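Construct the complete structure from the given sequences, taking the supplied hints into account.
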Amino acid sequence: MRIVKPKQLEQLAAGYRKTAGKHKKTVTVCCGTGCLAKGAQKIVDAFEECLNRRKVKDFDVEAVKKTGCHGFCEQGPLVVIEPQGIFYTKVKPKDIESIIEKSIENDEVIEKLLYTNPQDGRKIEKYSDIPFYSHQRRIALRNVGKIVPSDIREYIAVDGYKALAKVLTTMTPDQVIDEITKSELRGRGGGGFSAGKKWRTCRNVAADVRYVICNGDEGDPGAFMDCSIMEGDPHSVLEGMIICAFAVGAKQGYIYVRDEYPLAGIRLQKAIAASEEYGLLGDKILGTDFSFSIRLSRGAGAFVCGESSALMRSVAGEVGEPRAKYIHSVVKGLYDLPTVLNNVETFVNVPVIINSGADWFKKIGVAKNSGTKAFSLVGKVRNTGLIEVAMGTTMREIIYDIGGGIIDGRTFKGVQTGGPSGGCLPETQLDLPVDFDSLTKAGSMMGSGGMIIMDDKTCMVDVARYFLNFLVSESCGKCVPCREGLYQLHKLTEKICEGNGTEEDIEKMEKLSQQIVVGSLCGLGKSGPKPLLSTIKYYRDEYLAHIRDKKCPAGVCKNLIAYRVIPETCTGCMACVNACVYQAITGRKKEPQVINPDICQKCGACAAVCKYNAIEVS
Amino acid sequence: MVTMTINGKLARAKEGEMLLAVLRREKIDIPALCHHEAVEPYGGCRLCMVEITKKEWAGGKNMVTSCLYPVEDGLIIQTHTTDLIELRKTILDLYLARCPNTPAIQDLAAQYGVTQTSYEPVTDPDDCILCGLCTRICDRMGFGAISAVNRGHSREIAPPMKNAPPDCVGCLACALNCPTNHIKYSDRGFTREIWGRKFDLVRDAKTGQPTITKEFADYLSKHSDIPRDYFELKDESHRRETALSLGKIAIWNREVPQ
Amino acid sequence: MTHKLDKLPEIFARHPQDPSSLIMVLQDIQQEYRYLPCEALLQTASVLGVKLSKVFSVATFYNAFGLAPKGEKVVRICVGTACHIRGGALIKDQIEHHLGIKAGQTTGDMKFSIEVVACVGACAMAPVVIVNDKYHGEVSVGNATRLLKG
Chain A
1 MRIVKPKQLE
11 QLAAGYRKTA
21 GKHKKTVTVC
31 CGTGCLAKGA
41 QKIVDAFEEC
51 LNRRKVKDFD
61 VEAVKKTGCH
71 GFCEQGPLVV
81 IEPQGIFYTK
91 VKPKDIESII
101 EKSIENDEVI
111 EKLLYTNPQD
121 GRKIEKYSDI
131 PFYSHQRRIA
141 LRNVGKIVPS
151 DIREYIAVDG
161 YKALAKVLTT
171 MTPDQVIDEI
181 TKSELRGRGG
191 GGFSAGKKWR
201 TCRNVAADVR
211 YVICNGDEGD
221 PGAFMDCSIM
231 EGDPHSVLEG
241 MIICAFAVGA
251 KQGYIYVRDE
261 YPLAGIRLQK
271 AIAASEEYGL
281 LGDKILGTDF
291 SFSIRLSRGA
301 GAFVCGESSA
311 LMRSVAGEVG
321 EPRAKYIHSV
331 VKGLYDLPTV
341 LNNVETFVNV
351 PVIINSGADW
361 FKKIGVAKNS
371 GTKAFSLVGK
381 VRNTGLIEVA
391 MGTTMREIIY
401 DIGGGIIDGR
411 TFKGVQTGGP
421 SGGCLPETQL
431 DLPVDFDSLT
441 KAGSMMGSGG
451 MIIMDDKTCM
461 VDVARYFLNF
471 LVSESCGKCV
481 PCREGLYQLH
491 KLTEKICEGN
501 GTEEDIEKME
511 KLSQQIVVGS
521 LCGLGKSGPK
531 PLLSTIKYYR
541 DEYLAHIRDK
551 KCPAGVCKNL
561 IAYRVIPETC
571 TGCMACVNAC
581 VYQAITGRKK
591 EPQVINPDIC
601 QKCGACAAVC
611 KYNAIEVS
Chain B
1 MVTMTINGKL
11 ARAKEGEMLL
21 AVLRREKIDI
31 PALCHHEAVE
41 PYGGCRLCMV
51 EITKKEWAGG
61 KNMVTSCLYP
71 VEDGLIIQTH
81 TTDLIELRKT
91 ILDLYLARCP
101 NTPAIQDLAA
111 QYGVTQTSYE
121 PVTDPDDCIL
131 CGLCTRICDR
141 MGFGAISAVN
151 RGHSREIAPP
161 MKNAPPDCVG
171 CLACALNCPT
181 NHIKYSDRGF
191 TREIWGRKFD
201 LVRDAKTGQP
211 TITKEFADYL
221 SKHSDIPRDY
231 FELKDESHRR
241 ETALSLGKIA
251 IWNREVPQ
Chain C
1 MTHKLDKLPE
11 IFARHPQDPS
21 SLIMVLQDIQ
31 QEYRYLPCEA
41 LLQTASVLGV
51 KLSKVFSVAT
61 FYNAFGLAPK
71 GEKVVRICVG
81 TACHIRGGAL
91 IKDQIEHHLG
101 IKAGQTTGDM
111 KFSIEVVACV
121 GACAMAPVVI
131 VNDKYHGEVS
141 VGNATRLLKG
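Chain order of the listed sequences is A, B and C. To convert, note that position 170 of the first sequence is 170 in this note's numbering; the numbers rise steadily by one, no gaps. To convert, note that position 189 of the second sequence is 189 in this note's numbering; the numbers rise steadily by one, no gaps. To convert, note that position 19 of the third sequence is 19 in this note's numbering; the numbers rise steadily by one, no gaps.
Quick caveat, the hints were computed from the structure, so don't treat them as lab data. Predicted, not measured: the structure shown is a model, and the values here were computed from it. Any given hint might turn out to be false.
[Unchecked claim] Only part of the chain A face toward chain C is listed, based on derived beta-carbon distances under 8 angstroms:
#1 Y261
#2 G301
#3 K380
#4 D598
#5 Q601
#6 C603
Beta carbons are placed, not taken as given, at the ideal position from N, Cα and C, and that holds for glycine.
The structure is reproduced here in structure tokens:
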């Protein structure tokens, strides 16, 4: 069924909305990667099994929607009863029968499945009332967790492709670029470059062939926003790209999907096929003269391929070696032709801006940083999950109001943003507004949106060492400052973690870092020293403790800690002996056990299984 | 033509030229280990970095690799600021950690006052500085027999599967252009060995000396209109032949007395 | 163990037979045989018109590719940041010790291979270990090796 007129699209949308309305209630089962790992498929199966057995009025398997990530990963598996918005948490397959009986057939709410507000112990029925959600503003994630991703009808029913129709029938390419420029939409991949400016520069290059590429590499460990958007709302990615292609004059596009995200690739492929069938992608889109095709390009496991010039080489089937950007890729990109490369989140903001207007978008956020940003809030925070907030929201609000503070009652120590190209910010920076410019000024960066919360049991020297280790293994190896410099920085942090560091080593690392920043060819090297420099800046005491006192205050660095059984408390149950992979613990039943410090690898398995708190770390 | 200022002096260049070519023409001594006129510039060693600015940048500066930066009218370039010297020192220091026993690196580092590395040297060092010249030249020659393998610090230059490379013809372009003489080959009688492959050398019909490998000769005659038996003669023999022929023509034209 | 490689023609036919398909072709081969057999690399070079040295470069540059056969069970340990601060590295050490091999290797009896992966997008469930496509979240240092059974 090809749509050749906007009127047809409107009619279809109305029709789909009507069909969806035939179910008085629908059930959303969150099937994002996190909930799937927690057993969401079993929940879906339980629904299907139950509905096969019993007939329910105005409700059948079609009303059970498998959606993308709803956001509150920590509370998963999640089941939402719509349209009321009743929010059930940590659902088990055995709960399904009573959910159908009580909340579908009747209007009762199952108390024990509701979210409990830790502030006052009260149960909250609707997710919109839960602080985790109420402080958010979901624009890029508007459909994620709400619609069935692989069904184009659901996307059309929520005004999907309406912006595309508006663009193709009532706007010129220049008008589109004007609107995007006016909105001050900045690249959400971390660079924060003006999307409108990029599109305009590409359009102005005289060329017959241009490309539009969507960067779905999301290599920052700890970030899964783009993953959730590609898995949960693939059509919005396509719509944004098609509008961009129209604006810059491209006929061919690529979506570069990380190899580690197979589900995202499958969903996008399905979405491409469906939109082609509907005439919304491919030849003569919506009956106009504009044609644009999209192909998927799979990554193969290389963080450096998130860098635009390396990505383009990878699309061309080569090794992901970046090149100097004295001539920008908007001028000479894929196959040396003008190419617009934007992040997933940047593209999904485009249809919203077209539909609601640049002025509306600019009202959200703060000056020069309009709109919202999606983040993956993870680490030692209570409410881990996928969130989206207006630019300018403070770190404190995100970590405490949305995140619920630190788990296990521990103390906040730092928040890491921008992945391996970003930095750690301490408590004193908690009232920093989260936007591109403020974060960069403080020594970190926005990055793609990974936000990792650390507590007092996280060693910041170890964190610096960890990031350097990551970068060393991901460096392409082309240029000396990155390949050799980051390697030497890593060796120096290892030295400090092992208790063999000197104070001169800190100075040495600072100096070498400056040279790496200046001399490296691409962003990986240039930003590589940032985690190290920001931890030295804000946590210098911790470095000095490792060096002067040969102590790791957080109790992490293996060489500087020791595990010991407290003989007075130990009951001799030998749970630790069974748990110890290295067989470092010996002792007789019902007698205090002994850890052999020469064999012990400080993994903490014994402490994890000990019910009597009989194991201490010094 | 464009006009620029280099270290305070005016210099002119053709549109589309890279800065490094202009600097070399102006006899400015800039190291550039990964550079060769015969192949595309690479930007890997970073030693050729210079500081650039323009009047309209209002004091803003940029550091770029001159091998890859196209000339612009009004560019103001500094090649030996303290920052640049410091950068080159650090790069050479890092090179020495990888190749502590390589004369070419030791010499260049010494020029910048670095006599030994202040970092941790690698265990089992060799002479390869990973400049990539060998692979790029091999590609340019049309063979693509070797390439950069692995990535990051484990990167190395190797033939495919680390076995004898099937596409190699033994032309020696890689070995002869390696800045540190890392690539070893041996010519013994009429056998050449390089990258683990053995080649037979063509025998000069006149002198009985070895010339180039049979494979290289086959390739050259296949890809040009040079007849295959041309390679049965060494360069010197060809030159002698050519000189004698020219001499005969000159005598015939009465240009040279008999 | 030599493979018959009879799936190769079908794999090649799925993609345009030019250099830009190199990574996609290698991924299909990796998926089919769980590694890149040497003979497959030779055929790929020939079919796509890419020099063998370039095929080898690409095969060794990207994490997704392996040049040695894998074990029956592939244990992928996430070493992303969220997993790291929740004990990911300690779990990796335990599993390596238990199996007697390091990440990137396979046990002598070809039963287990260990791989590390830097972030699979399940960060809220850190630490994550994937055994043959089955995701295990919130793995504890106290019982990580239990995942290797069954």
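Hints, one by one, checked against the model:
| no. | hint | verdict |
| --- | --- | --- |
| 1 | Y261 | 6 angstroms, holds |
| 2 | G301 | 3 angstroms, holds |
| 3 | K380 | 7 angstroms, holds |
| 4 | D598 | 15 angstroms, violated |
| 5 | Q601 | 6 angstroms, holds |
| 6 | C603 | 4 angstroms, holds |
The structure fails to meet hint 4 from the earlier list, while all remaining hints are met.
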